[in-house]
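Residue numbers (the working numbering), protein chains in the order written: chain A, 3 to 129; chain B, 3 to 129; chain C, 3 to 129.
Treat the hints with care, as some may be off.
Claimed, not checked - Calculated cross-link-like contacts (lysine-lysine; reagent style DSSO-like; alpha-carbon spacing at most 27 Å): (1) 97(B) - 34(B); (2) 34(C) - 97(B); (3) 34(C) - 34(B); (4) 30(B) - 97(C); (5) 97(A) - 30(C); (6) 30(A) - 34(B); (7) 97(C) - 34(A); (8) 97(B) - 30(B); (9) 97(B) - 97(A); (10) 30(C) - 97(B); (11) 30(A) - 97(A); (12) 34(A) - 97(A); (13) 34(A) - 30(C); (14) 97(A) - 34(B); (15) 97(C) - 34(C); (16) 34(B) - 34(A); (17) 97(C) - 30(A); (18) 97(C) - 30(C).
To be verified - Covered by chain B, per the in silico footprint, the following chain C stretches (three or more residues, Cβ under 8 Å): (19) 3-10; (20) 15-26; (21) 52-60.
If you are wondering where the hints come from, they were derived from the structure by calculation, not from laboratory data.
Just so you know, even glycine gets a beta-carbon here, dropped at the ideal spot from N, CA and C.
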Amino acid sequence: MELPVIITALALLQFTWFAMQVGSMRAKHGVKAPAMTGPPEFERMMRVQQNTMEQLVVFLPALWMHAYLVDPRWAAGIGAVFIIARFVYRAAYLKDPAGRSLGFSTGFIATAVLLVWTLVAATLNLV
Amino acid sequence: MELPVIITALALLQFTWFAMQVGSMRAKHGVKAPAMTGPPEFERMMRVQQNTMEQLVVFLPALWMHAYLVDPRWAAGIGAVFIIARFVYRAAYLKDPAGRSLGFSTGFIATAVLLVWTLVAATLNLV
Amino acid sequence: MELPVIITALALLQFTWFAMQVGSMRAKHGVKAPAMTGPPEFERMMRVQQNTMEQLVVFLPALWMHAYLVDPRWAAGIGAVFIIARFVYRAAYLKDPAGRSLGFSTGFIATAVLLVWTLVAATLNLV
Numbered sequence: 003m004e005l006p007v008i009i010t011a012l013a014l015l016q017f018t019w020f021a022m023q024v025g026s027m028r029a030k031h032g033v034k035a036p037a038m039t040g041p042p043e044f045e046r047m048m049r050v051q052q053n054t055m056e057q058l059v060v061f062l063p064a065l066w067m068h069a070y071l072v073d074p075r076w077a078a079g080i081g082a083v084f085i086i087a088r089f090v091y092r093a094a095y096l097k098d099p100a101g102r103s104l105g106f107s108t109g110f111i112a113t114a115v116l117l118v119w120t121l122v123a124a125t126l127n128l129v
Numbered sequence: 003m004e005l006p007v008i009i010t011a012l013a014l015l016q017f018t019w020f021a022m023q024v025g026s027m028r029a030k031h032g033v034k035a036p037a038m039t040g041p042p043e044f045e046r047m048m049r050v051q052q053n054t055m056e057q058l059v060v061f062l063p064a065l066w067m068h069a070y071l072v073d074p075r076w077a078a079g080i081g082a083v084f085i086i087a088r089f090v091y092r093a094a095y096l097k098d099p100a101g102r103s104l105g106f107s108t109g110f111i112a113t114a115v116l117l118v119w120t121l122v123a124a125t126l127n128l129v
Numbered sequence: 003m004e005l006p007v008i009i010t011a012l013a014l015l016q017f018t019w020f021a022m023q024v025g026s027m028r029a030k031h032g033v034k035a036p037a038m039t040g041p042p043e044f045e046r047m048m049r050v051q052q053n054t055m056e057q058l059v060v061f062l063p064a065l066w067m068h069a070y071l072v073d074p075r076w077a078a079g080i081g082a083v084f085i086i087a088r089f090v091y092r093a094a095y096l097k098d099p100a101g102r103s104l105g106f107s108t109g110f111i112a113t114a115v116l117l118v119w120t121l122v123a124a125t126l127n128l129v
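The shape of chain A in the complex, shown without the other chains (with noise of 0.2 Å):
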C-alpha cells in the first residue's frame, strides 16, 4: 500500500501549499481574518483551495476504497492524475476561472472512475 499513501501524501502537500497561498495573498493583499471577499487574485486562490478540498473530500476515500478492494497500483495512477490535473485546475483559474473546465473535468473524471469502480466491484462481490 505505499503507492497509494504517497499519492495521497502528494495530493495532500499540493492542498497545503494551494493554503499557504492563499495566506500569503491575505497578507499581499492586506484582506485581514476573518474576511473572505477581496481583490479577484484573493479570491481566485482561495476558490481553487475551496474547490480543491471539496475534490478531497471525494477523491481520498474513492481512493483507498479502489486501493483495498480493487488494485493498488491502479488506484494510485489515477490518484496521479488527479494531482496533476489540479495543478493545471490551480493554473488555468488563477489566469480566468472560465478556463477552469479542462483541470476541473479531468480531476472529476479521475475521482469518478475510482468511486464507480469501486462501487461496481463491492457490488459484484455481494450478489
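Given chain A, put chains B and C in place with the hints provided.
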C-alpha cells in the same frame, strides 16, 4: 467490508450530485466564479453542499472506525439513515432554510451514534 | 489501533462542538441561513470552524497513514498535540484574529510531521 464501501460510495455520489447542482445554479443565474453570493436559490444549494461536506468530514471516519471496531452491518445501516436524512435536509432547505432542522438533526444523530459508540468501544478495549 | 481511534473521535467531537457554536452564534445574532456574513463574533467562530475542517482533511489521513505505516502510539501522541493546538487557536481567534498564529502553527506542524514522516517511510519501503 462491502456494505460500508457501498454506503460510502453512495454518500459521495450524493455529495457529487449536490456539487453539480451548485454548478447548474451558477450557470442558470449567471453567478460567475469566484463569486459565492447570488440569488437565494443559488446560495441555498451552495449551503446544502457546504454543510454536507462538513457532515461528511465527521461521518466517513466515524462510519469506518465503527465498521472496523464494532460492526460493519450496523455501520452501514446507520450510514443509510445518514444518506436519507441528507436528501430530506436538501429538499427542506431549498424550500425554506428555516425548515432544515429535521433532516439536519437526523443525519447529525446518525453520525453521533457512530462516533460515540466507537469511542466507547475503543475505550473499553483499552481498559 | 485503539489510540488513533480515540484521537480521531476526540478531534471530530471538537470539530462538532465548533460547528455547534457557529449555530449558537447564528441564533444569538439573528444571522439567518444561508447568510455567511454577520457580526465579528459570528464570522470569527465560523472561520475557526472552517479552518479546522481544512486542517482535518489533511490531519486525519496523515494520522492514519502514520499509524499503519510507522507507529500508532506516535501518531496518537502527535494527534493529541493537534487537538490541543486547535483549542488554543480557537481561543486566540475569538479574542483577536491577529493572535491566531501560535495555535495555528502548532497544529500545522503536528500535521506536517505526520505527513512528511509517513511520506519518507513509504518511499524508503519502496526503494
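A quick look at each hint next to the structure:
no. : hint          : in the structure
1   : 97(B) - 34(B) : holds (24 Å)
2   : 34(C) - 97(B) : holds (15 Å)
3   : 34(C) - 34(B) : holds (24 Å)
4   : 30(B) - 97(C) : violated (41 Å)
5   : 97(A) - 30(C) : violated (41 Å)
6   : 30(A) - 34(B) : holds (24 Å)
7   : 97(C) - 34(A) : holds (15 Å)
8   : 97(B) - 30(B) : holds (18 Å)
9   : 97(B) - 97(A) : violated (37 Å)
10  : 30(C) - 97(B) : holds (24 Å)
11  : 30(A) - 97(A) : holds (18 Å)
12  : 34(A) - 97(A) : holds (24 Å)
13  : 34(A) - 30(C) : holds (24 Å)
14  : 97(A) - 34(B) : holds (15 Å)
15  : 97(C) - 34(C) : holds (24 Å)
16  : 34(B) - 34(A) : holds (24 Å)
17  : 97(C) - 30(A) : holds (24 Å)
18  : 97(C) - 30(C) : holds (18 Å)
19  : 3-10          : holds (count 6)
20  : 15-26         : holds (count 4)
21  : 52-60         : holds (count 3)
Comparing the model with each numbered hint stated earlier shows that hints 4, 5 and 9 do not hold.
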